[in-house]
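Novice: As given, the protein sequences belong to chains A and B, one line each in that order. This note's numbering puts the first residue of the first sequence at -11, with every later residue one more than the last. This note's numbering puts the first residue of the second sequence at -11, with every later residue one more than the last.
Careful, some of the hints might be misleading.
Note: identical chains are not told apart, hence a pair may lie in one copy or across any two.
To be verified - When the alpha-carbon atoms are kept at most 30 Å apart in a straight line, the in silico DSSO-like pairs for lysine-lysine are as follows:
| no. | residue 1 | residue 2 |
| --- | --- | --- |
| 1 | Lys61 | Lys122 |
| 2 | Lys61 | Lys165 |
| 3 | Lys61 | Lys112 |
| 4 | Lys229 | Lys61 |
Note that these hints are calculated values from the structure, not bench results.
2 protein chains.
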Amino acid sequence: MKRMLLTISYDGTLYHGWQVQPNSVTVQQILSETLEEFLNSSVSLSGCSRTDAGVHAKEFCCHFDCDDSIPPKAFIRGLSARLPEDISVIDCRQVDDDFHARYNAKGKTYAYYILNSNIKDPFKERYAWRIERKLDIEKMNEFCRKIVGTHDFEAFSSAGKTVADTVRTVSECFVTKNDDIIRLQITGNGFLYNMVRIIVGTCVEVSDGKILISQIDDIFKNRKRENTGVTAPAKGLFLEKVIY
Amino acid sequence: MKRMLLTISYDGTLYHGWQVQPNSVTVQQILSETLEEFLNSSVSLSGCSRTDAGVHAKEFCCHFDCDDSIPPKAFIRGLSARLPEDISVIDCRQVDDDFHARYNAKGKTYAYYILNSNIKDPFKERYAWRIERKLDIEKMNEFCRKIVGTHDFEAFSSAGKTVADTVRTVSECFVTKNDDIIRLQITGNGFLYNMVRIIVGTCVEVSDGKILISQIDDIFKNRKRENTGVTAPAKGLFLEKVIY
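Bound conformation, chain A alone (with noise of 0.2 Å):
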């Protein structure tokens, strides 16, 4: 018996995300099934977290035991192979027999793509939330400093979706842009519901100027779901890494 670790890479524009539910395709489902097929026994896989629907991931990681003895590099063509063209197995090694892929994540990063201009791309669409009015970078990044550090992050994510410790450290956060794309780029110990979506359509709302910089305290001290802006649209969200 060995556990492996596999490094995945998907396009989320067709599934539910990741974890499997009834009634909705799913990433975790269709690897499910491939690796089941690819081994010709039951296995049981664990992600490192759920994502949303529609979210991609570069790099989303999940871990299986197997008694077999396929070599982990086998894996990767092996799998990706019979998987559909919007899910890649790109890394596959073996790890420790006790570690786990969502307890043993130190953080993860995660990147978002605004598309701002005025003029549709076919191929950005999927990938991107796209803006017409021009966005304030200056501004934008005025609020990721404000977001950095350790905060109680309970205003930025979603109601209904309560956990007992909203308090999260973010150790980066910044937004680059090149041409007409803005990324954001995140990283944290840990990430709340829709959390990133709600700084992202909070961080919007700042270069709008419908949120000021100054009130960016009182909203963390507040914890209101009302104070935050628009939950950003999941096409733009890509999970880019998990660190272990």
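Dock chain B against the given chain A, drawing on the hints supplied.
Specialist: Relative to the frame of chain A, chain B by itself:
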């Protein structure tokens, strides 16, 4: 009555090419329906060329007549908003009454993308032909230089689609590499059916050593499809620009 030239961009993955045909969804059909709804009148839409099923376009041109007072710029936003996410109108301008999107075209530029990697990438899979074995850029460019010029391209055209004149002039053809993406760019005054895809397939076979540079002159002379390479998959092909 005025004649308008539309420039559109589309991800061809889900379409059976440009031209309306029974029992298949095409870009022309979707655009015509959207335009007729927008103008509330029937419209005849003429494209710059047919494109194959699954081929993409960065800039495809088509024209139509309307007696509407809508300013050209209004078509860009108005149509794009009504079109599905994989089709966009990126420009619209008034042209002379006798302008024709197809017959006035002096040439076209196509680009073909190859992902030269043994790792499947779900974000490139829709837009590139993935080849695992290492390709030889030097050899590919040597082949491209043989393609430039005025030649009888019948051997580079799919059988069964014969046209009277199979002589075409290619003014540029070259390959560049950026990380694991190989891009072939070709410009010509006209292209036969599947010509670019067969040139790409032949270029790859030259890289593999299955076809020799020294054979190319004979291939042109003998005009036999059996002497050229495979037809590269549609998904890697982009119409980049129509030259008027």
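Novice: Now look at each hint and say whether the structure bears it out.
Specialist: Status of the hints after comparison with the structure:
no. : hint            : result
1   : Lys61 to Lys122 : between (46 Å within a copy, 19 Å between copies)
2   : Lys61 to Lys165 : between (37 Å within a copy, 26 Å between copies)
3   : Lys61 to Lys112 : between (32 Å within a copy, 22 Å between copies)
4   : Lys229 to Lys61 : within (20 Å within a copy, 42 Å between copies)
Hint compliance for this structure: every hint is met.
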